[in-house]
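Trainee: Dock chain B against chain A, hints included.
Chains A and B, in that order, are what the protein sequence lines are. Start counting the first sequence at 1; every next residue gets the next number (my numbering). Start counting the second sequence at 1; every next residue gets the next number (my numbering).
The set of hints was computed from the structure by calculation and includes no laboratory data. Some clues are possibly wrong.
[Claimed, not checked] Listed next, with one range per pair, are the computed distances between beta-carbon atoms:
id	chain 1	residue 1	chain 2	residue 2	range
1	B	L17	A	P479	36 to 44 Å
2	B	L17	A	V425	50 to 58 Å
3	A	V222	B	A130	29 to 37 Å
4	B	V75	A	L47	36 to 44 Å
5	B	T87	A	L47	31 to 39 Å
6	B	T87	A	L141	36 to 44 Å
7	B	A130	A	V55	27 to 35 Å
[What the hints assert, rightly or not] Residues of chain A placed beyond 12 Å of chain B at every Cβ, according to the derived structure:
id	residue
8	R43
9	I124
10	R152
11	G184
12	P187
13	A212
14	L298
15	V362
16	L363
17	G397
18	V420
19	L426
20	I456
Where is the CB? At the ideal position from N, CA and C, for every residue including glycine.
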Amino acid sequence: MPQLPRDEERSTGQPRIGTDEWVASVEGRRQRRSGVLGQLLERLGQLPFWAPLLVVAAFGLLFPFLTDSDYVVRVGFNALVFALLALGLNIVVGYAGLLDLGYIAFFGFGAYAYAVLSSNKFDIHLATVPTLLVVVVASALLGLVLGLPSGRVTGDYLAIVTLFFAQIFVTFTTNANRITLPWGDRPLDLTGGPNGIGGVDPFSLFGVEAIAVTSYFYIALVLVVLGMLALHVLSESRTGRAWKAVREDPLAAEAMTIPVFRLKLLAFAFGAATAGLTGSLFAAQQIGVFPQNFELPLLITIYAMVILGGAGSIPGVVLGALTITVVLEVLRGPDDARLLFYGGILLGLAIAIRPWQRLAAVLAGTALFGFLVHVVVGSLWPRGTARVAAQGEGLVGSIVEAWVLLPTEPGTIGNVAFVVLVASVLGMTLLRPLWRAVLLVPTLYLAAFVWENRLIFQPSVTRLLILGALLVVLMNARPQGLFGTARVEIV
Amino acid sequence: MSALLELKGLSLAFGGLRVLDRLDLHVNEGEIVSVIGPNGAGKTTLFNVITGLYRPDEGEILLDGESIAGLPTNVIATKGVARTFQTIRLFLNMTVKENVMAATYGKTRTGPLRSILRTPGARREEREVARLAEEKLAFFGQRLMGYRWDQPAYSLSYANRRRLEIARATAMEPRILLLDEPAAGMNPKETHEITELIAQLRTDGGHTILVIEHDMHVVEGISDRVVALDHGEKIAEGSFEEVATDPRVVEAYLGTKAASTK
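With the rest of the complex left out, here is chain A (with noise of 0.2 Å):
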């Protein structure tokens, strides 16, 4: 027998439960529930459009100034150039729902297309803005072409012809550079094979060459800008409706007047034209388009992006490029990837353990055992602390110096506690919560042990490592990405 509510519940003002208010705002319980990142993000979502609108317009605009690094202002320009390629992927695979794993072959026909028609290569040097218009179109109709097997095959089947497309394209790229022409006697050398193409035209726009990074920096800027508004209008526009129709049942929308496949296509087209138009702004900055800038580990990362930041929204996606660029960029020197390293264990921590009392509990566990730990093998193996902390100075390496064990050579050994690591994390989501809590004491410091005795020294590889890390523990505890709304599927 179901409990009627009492009525002292009822006057709380709260819905009854089961009734629809109620069942409305169950989203909204659950998504209140999942913690202080949660909450966060729920408030920022809940901004106005153009609040994040002007928050990346600002920064931006200020963001050559914070620094006089060409380096550091080329890491924006590529950051910029990902939210584009992020923006662009959003509409094919956020709104329409299409998984086109054939995106990066689009990128990378823009800036082949570009380098062409633009560059020392054929003595071609269209000015930029024909060039432009010309790498758009081409690339919107290059994306009808690959839309068309959407027609028949979706879903897993559509990802595999697409992904069969972005391969084919690499392959192309590096091989059309002796194509023998029927008429021709000379074979003909398009792409400049694995040497690709150098001395790209740079922009002229108003009769401005744009030689320095900080210009195409600008120049992303306004173009992302110019796409997140663009976007914005046209997810609430008869078009944007019509593609979430599409995603979200295919057979209804075609009953609702909707035609399917050509709304597919032309998801496909703009995808494809923000891409290549992309491409070129990428091929313009580098003065060169290389086959390897297009491979399939690009990909993947554009679509991390887009997951992360949640697909289907807008401020989303430019996050998550945004991110994903700085966090890569960051691991790259050791200081700034143990300080991301450290960082990010403790926000995963502050996110997964509840009560804080708990926390607070662990984290000092933590400290006194890695104290302990130090105090008895320094006793017993005074090799096994012997060394000087990596990349230390001051407070920092001191602290390393006391609580890390760091033994004259760290190699078997960090290589057999990476491995324990491993297995400790694996074992650990196997075990009630309490348990989990102690073993976590060791792990974390196991954790310490392997990042300062072996980690620290591989930066190549350590960042994606550090950086896959990061995504499941966000991904774990944020399904839909950072500003994404749960979808329901099954309901």
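Mentor: Frame of chain A; chain B shown alone:
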């Protein structure tokens, strides 16, 4: 007077299984016609053929004298055939209002570029579509109004989802409305409401309706004419009284023995 929707000798087979067998059916302008029949009689398939999800093997489908058999589903929909689904198929992750607005795609014109540029025409059309959606949702009293407009469709209760699906179909401003078991899964009170609602769809909304329904109280309450199907064949047609007492209908529902002892 010629019928608004006319099916002539409609046949469809899935392999060796004849799902529709030389079916003739017509619906006049302003009429409410009910289709009844046991499970597997071919009722939903009939709707699927009319809306173009299946192409009939034989026969003709005429909407206002114009053949629509074999046209793509969205074209048929744009020509004025709207439907709801037996298993509700809303756009769950879109808002209530967006669900209704999405169904106006066929009769609006604004392309993506004009939308991005927000031309005066695009904005006017957007306002009209929003107003139309609000008007269609207002048909259900306060149930789908106010704060609900901006809530995702998945947050609605079952009965409200059915209502929203009907609202979405009416937003197409169709010539004929096909309702597939609108009262399925409803409690007696809601069933009574839906009966009145279907009548209102005709009187206030001016819709012509073809409805599949299992609940005989609903069928009795709304129908001008009832058509009974079994194994894809029309076994009876006429007023509710005539069809309900027809021996072949009783047999189809209850079996031969029950029919002979009655």
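Trainee: Does each hint hold? Answer for all of them.
Mentor: Hints, verified against the model:
1. Checked against the given bound of 36 to 44 Å, the beta carbons of L17(B) and P479(A), roughly 42 Å apart, stay inside it.
2. For L17(B) paired with V425(A), a C-beta distance near 55 Å keeps the hint of 50 to 58 Å intact.
3. Under the hint 29 to 37 Å, the C-beta atoms of V222(A) and A130(B), about 31 Å apart, fit the expected range.
4. Checking the proposed 36 to 44 Å range against V75(B) and L47(A) shows it holds: the Cβ atoms sit about 42 Å from each other.
5. About 37 Å separates the C-beta atoms of T87(B) and L47(A), a value consistent with the hinted range of 31 to 39 Å.
6. Against the hinted window of 36 to 44 Å, the Cβ-Cβ separation of T87(B) and L141(A) comes to about 39 Å, which satisfies the hint.
7. Checked against the hint of 27 to 35 Å, the pair A130(B) and V55(A) passes, with Cβ atoms roughly 29 Å apart.
8. The beta carbon of R43(A) is kept farther than 12 Å from every beta carbon of chain B, the shortest such distance being approximately 18 Å.
9. Once the 12 Å rule is applied to beta carbons, I124(A) is consistent with being away from chain B; the minimum gap is 29 Å.
10. For R152(A), the non-interface assignment is confirmed: its Cβ lies about 14 Å from the closest Cβ of chain B, beyond the 12 Å cut-off.
11. No beta-carbon of chain B is positioned within 12 Å of the beta-carbon of G184(A); the least distance is around 40 Å.
12. With a least CB separation of 41 Å from chain B, P187(A) remains clear of the 12 Å interface cut-off, as annotated.
13. With a closest Cβ-Cβ approach of about 31 Å to chain B, A212(A) is found to remain outside the 12 Å limit, as its non-interface label requires.
14. Taking the minimum C-beta to C-beta distance to chain B, about 27 Å, the non-interface status of L298(A) holds against the 12 Å cut.
15. Distance to chain B confirms V362(A) as a non-interface residue, since its nearest Cβ pair spans about 37 Å, more than 12 Å.
16. Listed as outside the interface, L363(A) is consistent with that label: its C-beta sits roughly 39 Å from the nearest C-beta of chain B, beyond the 12 Å cut-off.
17. Annotated as non-interface, G397(A) keeps its C-beta farther than 12 Å from every C-beta of chain B; the closest such distance is 51 Å.
18. Non-interface status of V420(A) relative to chain B is upheld: no Cβ of that chain comes within 12 Å, the nearest being about 43 Å off.
19. Distance to chain B confirms L426(A) as a non-interface residue, since its nearest Cβ pair spans about 34 Å, more than 12 Å.
20. Even its closest Cβ contact with chain B, about 44 Å, leaves I456(A) beyond 12 Å, as expected for a residue assigned away from the interface.
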